[in-house]
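K.L.:
In order, the protein sequence lines correspond to chains A and B. The first sequence: position 176 = 176 (UniProt numbering), numbered continuously. The second sequence: position 98 = 98 (UniProt numbering), numbered continuously.
I should point out that these hints are in silico values taken from the structure, not numbers from a laboratory. Be careful, since some hints might not be right.
No distinction is drawn between identical chains; accordingly, a pair holds when it is met within one copy or between any pair of copies.
To be verified - Keeping only pairs whose Cα atoms sit at most 27 Å apart, straight-line, the calculated DSS-like set for lysine-lysine is:
1) K277 to K425
2) K226 to K49
3) K379 to K22
4) K123 to K425
5) K379 to K264
Since the structure is predicted, the reported quantities are computational estimates derived from the model, not experimental observations.
Protein chains: 2
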Amino acid sequence: MLEQEEQRDELLEKIEDLISRKRYAELRDLLLPLEAQDIAGLFMELDDKVPMVFRLLPKEQAAEVFVELDSEEQEVLIQSFSNTELKEVLDELYLDDAVDIVEEMPANVVKRILRHADPDVRKSINEILKYPDDCAGSIMTTEYVDLKATMTVEDALKRIRRTGPDKETINICYVIDEGRHLLGYLSIRTILLSEEDDVVGDIMDTHVISANTLDDQEDVAQTLNKYDFLALPIVDTENRLVGIVTVDDAMDVLQEEVTEDIEKMAAILPGDKPYLKTGVFETWRARTPWLMMLMLSATFTGMILTHFENSLAAVPILTSYIPMLSGTGGNSGTQASTAVIRALSLGEVRFSDLLRVVWKECRVALICGVCLAAANFVKMMVVDCWLLANPTVTPAVAAVVCCTLVGTVACAKLVGASLPILAEKIGFDPAVMASPFISTIVDALSLLIYFRFATWILGV
Amino acid sequence: MLEQEEQRDELLEKIEDLISRKRYAELRDLLLPLEAQDIAGLFMELDDKVPMVFRLLPKEQAAEVFVELDSEEQEVLIQSFSNTELKEVLDELYLDDAVDIVEEMPANVVKRILRHADPDVRKSINEILKYPDDCAGSIMTTEYVDLKATMTVEDALKRIRRTGPDKETINICYVIDEGRHLLGYLSIRTILLSEEDDVVGDIMDTHVISANTLDDQEDVAQTLNKYDFLALPIVDTENRLVGIVTVDDAMDVLQEEVTEDIEKMAAILPGDKPYLKTGVFETWRARTPWLMMLMLSATFTGMILTHFENSLAAVPILTSYIPMLSGTGGNSGTQASTAVIRALSLGEVRFSDLLRVVWKECRVALICGVCLAAANFVKMMVVDCWLLANPTVTPAVAAVVCCTLVGTVACAKLVGASLPILAEKIGFDPAVMASPFISTIVDALSLLIYFRFATWILGV
Chain A
1 MLEQEEQRDE
11 LLEKIEDLIS
21 RKRYAELRDL
31 LLPLEAQDIA
41 GLFMELDDKV
51 PMVFRLLPKE
61 QAAEVFVELD
71 SEEQEVLIQS
81 FSNTELKEVL
91 DELYLDDAVD
101 IVEEMPANVV
111 KRILRHADPD
121 VRKSINEILK
131 YPDDCAGSIM
141 TTEYVDLKAT
151 MTVEDALKRI
161 RRTGPDKETI
171 NICYVIDEGR
181 HLLGYLSIRT
191 ILLSEEDDVV
201 GDIMDTHVIS
211 ANTLDDQEDV
221 AQTLNKYDFL
231 ALPIVDTENR
241 LVGIVTVDDA
251 MDVLQEEVTE
261 DIEKMAAILP
271 GDKPYLKTGV
281 FETWRARTPW
291 LMMLMLSATF
301 TGMILTHFEN
311 SLAAVPILTS
321 YIPMLSGTGG
331 NSGTQASTAV
341 IRALSLGEVR
351 FSDLLRVVWK
361 ECRVALICGV
371 CLAAANFVKM
381 MVVDCWLLAN
391 PTVTPAVAAV
401 VCCTLVGTVA
411 CAKLVGASLP
421 ILAEKIGFDP
431 AVMASPFIST
441 IVDALSLLIY
451 FRFATWILGV
Chain B
1 MLEQEEQRDE
11 LLEKIEDLIS
21 RKRYAELRDL
31 LLPLEAQDIA
41 GLFMELDDKV
51 PMVFRLLPKE
61 QAAEVFVELD
71 SEEQEVLIQS
81 FSNTELKEVL
91 DELYLDDAVD
101 IVEEMPANVV
111 KRILRHADPD
121 VRKSINEILK
131 YPDDCAGSIM
141 TTEYVDLKAT
151 MTVEDALKRI
161 RRTGPDKETI
171 NICYVIDEGR
181 HLLGYLSIRT
191 ILLSEEDDVV
201 GDIMDTHVIS
211 ANTLDDQEDV
221 AQTLNKYDFL
231 ALPIVDTENR
241 LVGIVTVDDA
251 MDVLQEEVTE
261 DIEKMAAILP
271 GDKPYLKTGV
281 FETWRARTPW
291 LMMLMLSATF
301 TGMILTHFEN
311 SLAAVPILTS
321 YIPMLSGTGG
331 NSGTQASTAV
341 IRALSLGEVR
351 FSDLLRVVWK
361 ECRVALICGV
371 CLAAANFVKM
381 MVVDCWLLAN
391 PTVTPAVAAV
401 VCCTLVGTVA
411 CAKLVGASLP
421 ILAEKIGFDP
431 AVMASPFIST
441 IVDALSLLIY
451 FRFATWILGV
């Protein structure tokens, strides 16, 4: 693993030294044993020397490295390629990688790529580009091994040996009929452990789990994960096999979707670039909309406070507990909403569980609220009243604050747990109902509860 | 896919109907084509009928279903097994699954399992159990295919055919010497695409990326994901091959670690059970410590407010903007900390990037702050002053609030972006430096800034 920063820095120094001394053969030997992902990582630091170093790599490794680069670096490289070089790299790419690259390039680069791709490859790229982003069709590859049900294991092995080199995976082979309808699948293990004269149709597994080209890519990835598959076949509406999604791409989708969820939960509009690659204005555009909306919706809490101005003037010490109350309310709500949002996205909770969730959160809220209230009562009496010698902190004031705590925690947990589930039911993204959104609602609720108790107990 | 709730409910009804009419052969035929994961999902709803239905399944499928059950259901089943039944299930399990089960069971059940396992299996289970939780050794399996460098491809295929049925995967085979030192690896594809008389040592890839038994399981999973491997070899300190981690287990680890991170970011102590399976008291124990700590640390904001009591009494309208200011500050900080925490866990940001991150957040904060302040100024003048006809909302008051907004957003972004990086540097978990923690700090800072500007501009 090249994880260690020192190792990486050392290597970079060596590379730059070799470049400056024009020791290209040595440089090539240094890069040869490295994994494509690590070379791509090094390229990020080499800037304008990248095209030169790239040309040192053997064709196959060059293509592997190319796939791992950021789209900006890929563009720079393509611009520097001669037509022959471009064609060489394109020939080595897997189809789904080629599609990914085409999707990220500006129109003129796309035209140049398509002009130099094989006619077959061009056709397939255009096919896949037709599928909307985020659906199974857009992440699948059409380079899989297909077998006929009438083949013997010997025939199948011959076919795998012949077509295998161009396929993304040979670990799972799919059995189709004349009309390309999906009949079953076979793992390479089953094939190897069978007799040479066994017939594919007899030994294949006919209970195939497949997805549709238009299914959401996250569902496809979750299915692969759930069933521990190495690939999932993708079919069209008539059950004709059109491609497969492999486990490595599914893992990437899961990671991306989690990042998106986390961003939404923090009131950020999701982007698709790494943190340091996102420009200042892009980051600003992703963050301002929710900040603005939440800021303006805080108008309500302001109005509540203005409304109860006289109560606060009568017992000024009440003001100093407002941040604690709204903070604790916000945190309680965040805990509940986060737990429920994650459970929803892992498929552990459905809409039909709403009542179970609410009942659970009620009980948790009660115990949490009472514990916090008790701790807070002791703290107010010992620290605020006695140690800080503030005579306005009376047991009655402490009672108001503590009763509010119990009520706020209860409201927060209920709102936090139920809003995400309701949002999902009506087709909204539950991740948006997270911390910032819940806190804003809970802020207003906690103030209303606070002044209610203040009126009852203190009579203000 | 059995994702759809209706489909599942229909199936459940059918199963319960067949049970009540004692049509066991039909029930067996109904379950046979289903995937183990789906049967396990159905079992959750069948309660006390589970042992009976479980006995209907053929041995191999039964073991697959058993692995997918929750540990509580597994325990109930084991208690209901005769010794022969227990032995049958154990014989069918893959080693790493057996270890997972043993890890979750109470001591008396573990004893019973180990007593009925094969002596070889018992020894291997005990080996793996020695590794600490969360390390590569604890998630690896010792059931891999090993080859010798001197074998021909023909020999290798024979060995794979002979030992394959008991191995977790045959897709990647590992080449070792007499002392079990790892020399290289071969994919089944390379083997199949080579000539029968090629020698393993000549065609193997000798640039093996491996992990150590004591490496963190998350690092191992990230490595598998980064290099798109189907399995990663695990070696001891002397580079002797002791096991492999397969991609399906790596995906599970990544999902678990993300859930843990998300929980920590919401101030919840991470647990390892699904939401609805966690008891009320367990949930309470996971949530109270941070709530309590954050509540008590809000003492500081209270003290600041008490200190400036007279300023608030002089210009009471200032109070009504406190929730908006602390809310916006909290949200700004959350955005920055969440973005940085995720970037850290994906390896996009390191400690050496601290200055770049801070510089980026400074600029983002400035633009965000100015936009928010401008919007807020307009809103205060139009809504609060004019529409709500509040004469105390003067341009001077609006200026105080807007200047505070700019200052608060800047502080929040800087604190939010830098604390997680600093936390990681000193060996803390950056995920803990998220929303709730940052909000508490930013609350206090925003009040200090607020009263500073109030003193300057309003002279209170």
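K.L.:
Hint by hint, say whether it matches the structure.
P.N.:
Against the structure, the hints come out as follows:
Proximity of K277 and K425 under a CA criterion of 27 Å is satisfied inter-copy only: 22 Å between copies versus 35 Å inside one chain copy. Taking the closest pair of Cα atoms, K226 and K49 come within 27 Å of each other only across two copies (24 Å); inside a single copy the shortest separation is 44 Å, beyond that limit. For the identical chains of this complex, K379 and K22 are neighbours neither inside a copy (71 Å) nor across copies (63 Å), given an alpha-carbon limit of 27 Å. With identical chains, the CA atoms of K123 and K425 are never at most 27 Å apart, being 40 Å at best within one copy and 50 Å at best between copies.
Taking CA atoms no more than 27 Å apart as the test, K379 paired with K264 passes between copies only; the shortest distance there is 26 Å, against 36 Å inside one copy.
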